[in-house]
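What follows is the residue order along each chain.
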Amino acid sequence: MMSLEQFKSRYVGSQNYKLIEIEEYPTTPWGKFKRVVKRTFKTELFVGLKIVFMEMVRFNIHTIQYPKEKLPIGARYRAIHKLLRLLESGNERCIGCGLCEKICIAKCIRIDTKIDENGRKVPTEYTINFGRCIFCGYCAEVCPELAIVHGPDYENASDQRAHFALKEDMLTPIDKLKEQKEYPGFGAPTPEADRLIKKTPLAY
Amino acid sequence: MSGAFIIETIIKILIVLGLFSALAGFATYVERKVLAFMQRRLGPMHVGPYGILQVLADGIKLFTKEDFVPQNAVKSIFKIAPVITAATAFMAMAAIPMFPEFTIGGYTVRPIISDINVGLLYVLGVMAVGMYGPLLAGMASGNKWSLIGAARTTIQLLSFEIVTGLSVLAPLMMVGSLSLIDINNYQSGGMENWIIWSQPVAFVLFLIAGFAETNRTPFDLLEHEAEVVSGYATEYSGMRWGMFFIGEYANLFTVSFLVSIIFLGGFNDWGFIPGAIAILLKVFFFIFLFLWTRAAWPHIRPDQLMWLCWKVLMPVALINIVITGIVLMI
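First to last, the sequence lines map onto chains A and B. So for the first sequence, our numbering puts the first residue at 434; every next one is plus one. So for the second sequence, our numbering puts the first residue at 34; every next one is plus one.
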């Protein structure tokens, strides 16, 4: 097991490099002739042929036929954003705090909010300009309610960028609430968050 | 010259033209598949079952592409160059006996368009004329990459013509005839009569020269994408480019037939395998070998190519001829 120091060390001399012996190039005509003869009868070319032939016989194909087959993407992959709802009530999670708008380094998020009839602050408009978004993930990380997250949809070829950018495109539809999965990725609490968190007393 | 002979010849010509155009297309499919399997890929999969109709799709694409001639090209030569490649590739097949004689309804068919007594010389000569295709194409394109590609074609084909001629001379001294049917009949009577056993050096030399003359991988300098874009074919598109392609693959079949006939017993019966199937097996082995080396071996530099031709292969071929002559005299 190598420790981190070994990788960080920039002093080449003491590391375990394997030095390869390279023969001197022949300079005399006789030496060159000998090298040619040696290379000719060394059958290296046939080793190459054998390797590719064995690959063909083994038929260990690595191709993913993309539209039919897809590789799983990493949990922390940052694709097009999603706005999530609360699982029990179906209310929008977004509380319109504006942190995402504030932290966005590309300045591509725009929120309009209002106070609704229950006295809750809700966003009326939530748009992301995907022409400017750099998918840094700060908005998902900063969101206190886990409302704005990065979804898994990376197939975002479209006629217009705006096709993904409006609130109704990103928000989980109310009838598909059951299919909404809790987001495990960027900015989400870790699975052991409950155990690791320290309870702070509400009053001293 | 009877009417039946003329009709028979025309039918043979049409069959050879149609069959080998189709085979050239099919060979591109096989090539892509074999290369893919050797590199752990699948190759064409989407058009038809296992991508077998990919050839058709490619053909439609080639035929419907815009017929484009660059502004600074010499138009007439630019247009005629691909025709030279394709035409000479098919003309070379005229003197190649593809199969043994067979009889349909009491009429004996000889599967060769024209059995001329200098068959081998004719085939090699016409294949050498095919060099004018890439050469004129490259020089007429008005493009520097094309010009470099054309220059490389010329040095490569000119050099390796000599190796081809010298290497095939030794077997010809033994057979004493330039007709490919005579060469084939010389090796009748089993595997031990194949010329490869008495002329192994000539076989290897002829095969190497065959790789060079069909511009296959260790020697495909004239179309080496990483160096000269697409060589002489840089400015070509659509069916003009397709004709270069068909010519190249037709040459592949010609060389495979030549090697099989001259060195590996041709269409003689091979043990229990009848002659027609035996020669097909041999030809397809060589086609596979051409694809196989493409997957396995790297290109060589032009100077290495010249070195190989003039300093290694040609002396070896000459020594081979001298030794063959001495043995024949004794």
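It cannot be assumed that every hint is accurate.
[Stated by the list, open to error] In silico DSSO-like links for lysine-lysine, alpha-carbon gap of 30 angstroms or less:
id, chain 1, residue 1, chain 2, residue 2
1, B, Lys344, A, Lys467
2, B, Lys94, A, Lys471
3, A, Lys501, B, Lys94
4, B, Lys177, A, Lys483
[Claimed, not checked] If you anchor each label on the Cβ, the simulated ranges turn out as follows:
id, chain 1, residue 1, chain 2, residue 2, range
5, A, Val480, B, Gly81, 42 to 48 angstroms
6, B, Val142, A, Val480, 16 to 22 angstroms
7, A, Ile455, B, Glu134, 57 to 63 angstroms
8, B, Phe317, A, Pro500, 43 to 49 angstroms
9, A, Pro500, B, Val142, 20 to 26 angstroms
10, A, Val469, B, Ser231, 23 to 29 angstroms
Hints listed in this document are in silico derivations from the structure and should not be mistaken for laboratory results. Beta carbons are placed, not taken as given, at the ideal position from N, Cα and C, and that holds for glycine.
Hint by hint, here is what the structure shows:
Restraint check for B:Lys344 and A:Lys467: satisfied, since their Cα atoms lie roughly 14 angstroms apart, inside the 30 angstroms limit. At roughly 48 angstroms between alpha-carbon atoms, B:Lys94 and A:Lys471 are farther apart than 30 angstroms, so this suggested pair is violated. At roughly 25 angstroms between alpha-carbon atoms, A:Lys501 and B:Lys94 fall within 30 angstroms of each other, so this suggested pair holds. Distance hint between B:Lys177 and A:Lys483 is unfulfilled; the C-alpha atoms sit about 38 angstroms from each other, more than 30 angstroms.
Hint check: A:Val480 to B:Gly81, Cβ distance near 36 angstroms, so the stated range 42 to 48 angstroms is violated. The beta-carbon spacing between B:Val142 and A:Val480, approximately 45 angstroms, falls outside the hinted interval of 16 to 22 angstroms. The beta-carbon spacing between A:Ile455 and B:Glu134, approximately 60 angstroms, falls within the hinted interval of 57 to 63 angstroms. Taking 43 to 49 angstroms as the suggested C-beta distance range, the pair B:Phe317 and A:Pro500 does not conform, at roughly 34 angstroms.
For the pair A:Pro500 and B:Val142, the supplied restraint of 20 to 26 angstroms is violated, since their beta-carbon distance comes to about 50 angstroms. A hinted range of 23 to 29 angstroms holds for the C-beta pair A:Val469 and B:Ser231, which are about 26 angstroms apart.
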